[in-house]
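Top to bottom, those sequences are chains S and W.
The first sequence begins at 1 in our numbering and counts up one residue at a time.
The second sequence begins at 1 in our numbering and counts up one residue at a time.
It is worth saying that the hints were derived from the structure and are not from the lab.
Beta carbons: idealized from backbone N, C-alpha and C, even for Gly.
Relax, there's no trap hidden among the hints.
As a list, the in silico DSS-like pairs of lysine-lysine whose alpha-carbon atoms are at most 30 Å apart:
1. W/Lys66 <-> S/Lys96
2. W/Lys20 <-> S/Lys96
3. W/Lys41 <-> S/Lys57
4. S/Lys73 <-> W/Lys41
5. W/Lys55 <-> S/Lys96
6. S/Lys101 <-> W/Lys41
7. W/Lys64 <-> S/Lys96
8. W/Lys41 <-> S/Lys9
9. S/Lys9 <-> S/Lys101
10. S/Lys101 <-> W/Lys20
11. S/Lys101 <-> W/Lys55
12. S/Lys96 <-> S/Lys65
13. S/Lys22 <-> W/Lys41
14. S/Lys15 <-> W/Lys41
Short derived list, chain W residues pointing at chain S, Cβ under 8 Å:
15. Thr32
16. Ser43
17. Leu44
18. Arg97
19. Phe107
20. Pro109
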Amino acid sequence: AQRVTQPEKLLSVFKGAPVELKCNYSYSGSPELFWYVQYSRQRLQLLLRHISRESIKGFTADLNKGETSFHLKKPFAQEEDSAMYYCALSGSSNYKLTFGKGTLLTVNP
Amino acid sequence: GAVVSQHPSRVICKSGTSVKIECRSLDFQATTMFWYRQFPKQSLMLMATSNEGSKATYEQGVEKDKFLINHASLTLSTLTVASAHPEDSSFYICSARGSIWADTQYFGPGTRLTVL
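Please build the complete structure, drawing on both the sequences and the hints.
Below, the structure is given as structure tokens:
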């Protein structure tokens, strides 16, 4: 079974501070991990995927298979980063996404 | 690119009526479309997976006779909530994936269904 855990429902930081949104997963095979973001009154959109190893809007995430984690990090948070962040996992063959419950990030001025 | 639309964005109906929600991929051909349900302040729950020209695959606990899915073309999938009841009130979101970046789903804006 696929499971994604985001332990923090809410996370509040000040502008310029580092931010880390935690994500742990459970999957028996080789997972594909994603971070999706939903800004206020907007649709869900892909932020980054682990296979492309890219940095989007200053965010990075490293897949740690030993710890089964895929934490999202940014060294200096900006106010426009305030949004709901969902970690998601896809099985290797079915493309179905299992979402975590989400973390609401608030970046204060 | 990779835009997905949903129509309507909001619908209010009486209990017992059926409601159809459309999901369209506007600038790409969607190999697969997915339908999700999202309760207030909760995450997205996958309801079903729809491939063009074949029957939808429903997740455990989702009534296929209640939530009818038709994937008529590579750009259109519809979700019909049959004989809707107040407990069906929710936010329904579709997503689509194409052949390029096949592992990526592009999401529609969602449809707010309220059943009175």
